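Engineer: Chain by chain, the residues:
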Amino acid sequence: MKKGVAITGMGIVSAIGNSVEENLEALLTSKSGLGISKHIQTHHKNTIKVGEVGFTNAEIAKKLNLPKDNNYTRTALLGCLAAKEAILNAGIKSISEYKTGLISATTVGGMDMTENYWKQFASNPEVQKYIWSHHAGDSTEKIATSLGVTDYVTTISTACSSAANAIMLGTRLIKAGKLDRVVVGGTDALSKFTINGFKSLMILSESNCTPFDANRSGLNLGEAAAYLVLESDEGVALQNKSVLAYVSGYGNANDAFHQTASSKTGDGAYLAMKKALKIAGLQPSDVDYVNAHGTATQNNDLSESVALQRIFNEKSPSFSSTKAFTGHTLAAAGAVEAVFSVLALQENSIFANLGFKMTMPETGLVPVTQLQKKELKHVLSNSFGFGGNCSSLIFSEA
Amino acid sequence: MKTCYIHSVVSISAQNSFFENDTVSEIQEYSDYKISAVHPPYRDFIPLSQLRRMSPAVKMGFAASKKALEKANIEQPDAIITGSGLGCIADTETFLNRLIENEEQFLTPTAFIQSTHNTVAGQIALGLKCKAYNTTYAHGSVSFESALVDAQLQVEAGEANNILVGGVDELGTEFVDYVHIVEHKQKQPIQVPLSEGATFCVLSSEKKEGTVAVLKAVEIQSKITDENIVTEMQAFLKRNKVDSSEIDAVILGNNGDAFDVYYQHIEKLFPKTDLLQYKKYVGEYFTASAFAFWMGAQLIEGKTLPKQFFARKPESKSYKTVLLYNQFKGSQHSFVLLTQC
Numbered sequence: 054m055k056k057g058v059a060i061t062g063m064g065i066v067s068a069i070g071n072s073v074e075e076n077l078e079a080l081l082t083s084k085s086g087l088g089i090s091k092h093i094q095t096h097h098k099n100t101i102k103v104g105e106v107g108f109t110n111a112e113i114a115k116k117l118n119l120p121k122d123n124n125y126t127r128t129a130l131l132g133c134l135a136a137k138e139a140i141l142n143a144g145i146k147s148i149s150e151y152k153t154g155l156i157s158a159t160t161v162g163g164m165d166m167t168e169n170y171w172k173q174f175a176s177n178p179e180v181q182k183y184i185w186s187h188h189a190g191d192s193t194e195k196i197a198t199s200l201g202v203t204d205y206v207t208t209i210s211t212a213c214s215s216a217a218n219a220i221m222l223g224t225r226l227i228k229a230g231k232l233d234r235v236v237v238g239g240t241d242a243l244s245k246f247t248i249n250g251f252k253s254l255m256i257l258s259e260s261n262c263t264p265f266d267a268n269r270s271g272l273n274l275g276e277a278a279a280y281l282v283l284e285s286d287e288g289v290a291l292q293n294k295s296v297l298a299y300v301s302g303y304g305n306a307n308d309a310f311h312q313t314a315s316s317k318t319g320d321g322a323y324l325a326m327k328k329a330l331k332i333a334g335l336q337p338s339d340v341d342y343v344n345a346h347g348t349a350t351q352n353n354d355l356s357e358s359v360a361l362q363r364i365f366n367e368k369s370p371s372f373s374s375t376k377a378f379t380g381h382t383l384a385a386a387g388a389v390e391a392v393f394s395v396l397a398l399q400e401n402s403i404f405a406n407l408g409f410k411m412t413m414p415e416t417g418l419v420p421v422t423q424l425q426k427k428e429l430k431h432v433l434s435n436s437f438g439f440g441g442n443c444s445s446l447i448f449s450e451a
Numbered sequence: 005m006k007t008c009y010i011h012s013v014v015s016i017s018a019q020n021s022f023f024e025n026d027t028v029s030e031i032q033e034y035s036d037y038k039i040s041a042v043h044p045p046y047r048d049f050i051p052l053s054q055l056r057r058m059s060p061a062v063k064m065g066f067a068a069s070k071k072a073l074e075k076a077n078i079e080q081p082d083a084i085i086t087g088s089g090l091g092c093i094a095d096t097e098t099f100l101n102r103l104i105e106n107e108e109q110f111l112t113p114t115a116f117i118q119s120t121h122n123t124v125a126g127q128i129a130l131g132l133k134c135k136a137y138n139t140t141y142a143h144g145s146v147s148f149e150s151a152l153v154d155a156q157l158q159v160e161a162g163e164a165n166n167i168l169v170g171g172v173d174e175l176g177t178e179f180v181d182y183v184h185i186v187e188h189k190q191k192q193p194i195q196v197p198l199s200e201g202a203t204f205c206v207l208s209s210e211k212k213e214g215t216v217a218v219l220k221a222v223e224i225q226s227k228i229t230d231e232n233i234v235t236e237m238q239a240f241l242k243r244n245k246v247d248s249s250e251i252d253a254v255i256l257g258n259n260g261d262a263f264d265v266y267y268q269h270i271e272k273l274f275p276k277t278d279l280l281q282y283k284k285y286v287g288e289y290f291t292a293s294a295f296a297f298w299m300g301a302q303l304i305e306g307k308t309l310p311k312q313f314f315a316r317k318p319e320s321k322s323y324k325t326v327l328l329y330n331q332f333k334g335s336q337h338s339f340v341l342l343t344q345c
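These protein sequence lines map, in sequence, to chains A and B.
One point on numbering: in my numbering, the residue at position 40 of the first sequence is 93, and numbering is uninterrupted.
One point on numbering: in my numbering, the residue at position 138 of the second sequence is 142, and numbering is uninterrupted.
Think of the hints as simulated: they come from the structure by calculation, not from any bench.
Note that the structure is predicted; figures quoted are calculated from it, not measured.
Some hints here could point you the wrong way.
Stated by the list, open to error - Okay, derived cross-link-like pairs now, DSS-like style, lysine-lysine, Cα gap no bigger than 30 Å in a straight line: (1) B/K307 <-> A/K231; (2) A/K152 <-> B/K245; (3) B/K227 <-> A/K328; (4) A/K427 <-> A/K368; (5) B/K212 <-> A/K231; (6) A/K228 <-> B/K242; (7) A/K328 <-> B/K220; (8) B/K211 <-> A/K328; (9) B/K272 <-> B/K211; (10) B/K333 <-> A/K231.
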């Protein structure tokens, strides 16, 4: 049986670190990155916890050697940083040597700049450079430029499942032989737009989120960028590359229930996991660990729990949500958690579901609450979003 | 590998493209810098209770997708794939303005939850109760073509039989003006109106009665220099085993800006072929190239397009192979080949 599509490199910047190594260190020591925002001037600053990347925009721009008059949004800056690490990690020296694509995910695109300058766009020539950096494709184009990718480049925006769909599409393009190599992932910066959006939905937690807990009180927003390098078997063999893990399964389904809420039966989540298992050729019992979507909203965690019980026939494998480390990083979440899933396989470790105290009465499911060492062969990762978009990925050991 | 058939193509645009008999007979001329689509009476397609809250993008997407499915005689597609460059910009503007004006206080969530790029695809799925594969591309001028690539991949691999694919962008009220301001500081800015529209189609692995055309090839490429565009076009045709002499019509995305030089190079490559342009009449927006897809299907179906679309028409003939090419500011190039089935 084919193992799937090879992952040969990873890069990440999140609230728990600016590299794969730093993220792993925080995961292994159960150190959350949630806190009060330093960079965003929001009215709600002191009443919410967020997962913010430590670097300022100026610091990242300096690392990327950008000219002073650049029009990079924070979404683009974070994306470039993480994508560059992924390329370095994959040992890629010449991008054009193989047919290489880039698929990046984002929800807010350049909103972090747009919201600051919206009322000045008409009159202030100095900020008008950010008009063209608003649309979702802009950060992707800038990442492509910084990596030197000129071929197949696109952006996916399916709310909080975006990056999972980017990984899925990349895997399919490699399988179909359309590309030799593809950088896949997502990036989203914190913005007042999303903070106030989730606030108006009354699903923002004032304290650190507690996924799957009976008394969970909502989510923390985060910002991050994470990318994986996927390569064809031929490419891996020709270059004699070491493989970090494989993308072995993927599934995408729509809950078709409500624009923002998940159904009580978790149909979308159930169908996405079922498809992913089928593509991977695995039985539910083959899954050793589920990195759950687990945002810590009342609605998601219950719906996802029900879906987990349906797919795993009441015998749920070990599971945890890592949202209490990073916050919910929206479009980037699927890629952040893909990196974490690969790290889990490499380290044979299940990362802690921080903050959990009391079992949900409806399901009785108990996540892994402390770092647990366990031999892992297959990890399933869920990402769900507005618009009913549900996606599941399965990562298998190299 | 399976053939990717096109069962229906429906387009809402600034021309009267949506109505029976599904073709534009008279061209509407525009002189404004921004123009709206010719909106059909949405209450014929959407229950009034839902219509009230829907933004133009959702309305256009809903109506166009409904008609595309009807024409293809499909109730439940196996996948819904959309492309939208700016997503739901009208609701984005609404929420952003309230956020700023109310200083982040007393906000209601409706505009926010409808502001995401995947709102149209999500609402279509909700309307159809369709739990199948569902995704949305948001990559500037290749948003629609990215959706086509995904759909073609699924059809060719036998993963799905009938796929609903669409491209949609709405005008909004403010951002479009900001784009206009910065654009007109350029030496040679876009010369056509900024606009909106929705084009939806059903792609299928099966050939059946009424099948419109075949989607023979679709490719996107991020960066090509103008000197290299002819070489890349030739390589695209060669990869897809089509000789340039077989092309009966070329539809180009000229918008009058400095980057039209790309189209001029392509024109020279096909000196005797019918040449069509459309952005003067439907405007420029990130998914405007989906209108060219509709035009190409019209030609292959043997329907007549108004003479204004033809920049060059040496003789009347039937159209067996149509080539579409579009780019935006020298980036986001797309190549599409449509053939008779």
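Engineer: The structure should be examined with respect to each hint, and the outcome stated for every one.
Structural biologist: Now for the hints, and whether the structure bears them out:
no.: 1; hint: B/K307 <-> A/K231; verdict: 34 Å, violated
no.: 2; hint: A/K152 <-> B/K245; verdict: 20 Å, holds
no.: 3; hint: B/K227 <-> A/K328; verdict: 35 Å, violated
no.: 4; hint: A/K427 <-> A/K368; verdict: 17 Å, holds
no.: 5; hint: B/K212 <-> A/K231; verdict: 28 Å, holds
no.: 6; hint: A/K228 <-> B/K242; verdict: 23 Å, holds
no.: 7; hint: A/K328 <-> B/K220; verdict: 28 Å, holds
no.: 8; hint: B/K211 <-> A/K328; verdict: 27 Å, holds
no.: 9; hint: B/K272 <-> B/K211; verdict: 35 Å, violated
no.: 10; hint: B/K333 <-> A/K231; verdict: 25 Å, holds
When held up to the earlier numbered hints, the structure conflicts with 1, 3 and 9 and fits the remainder.
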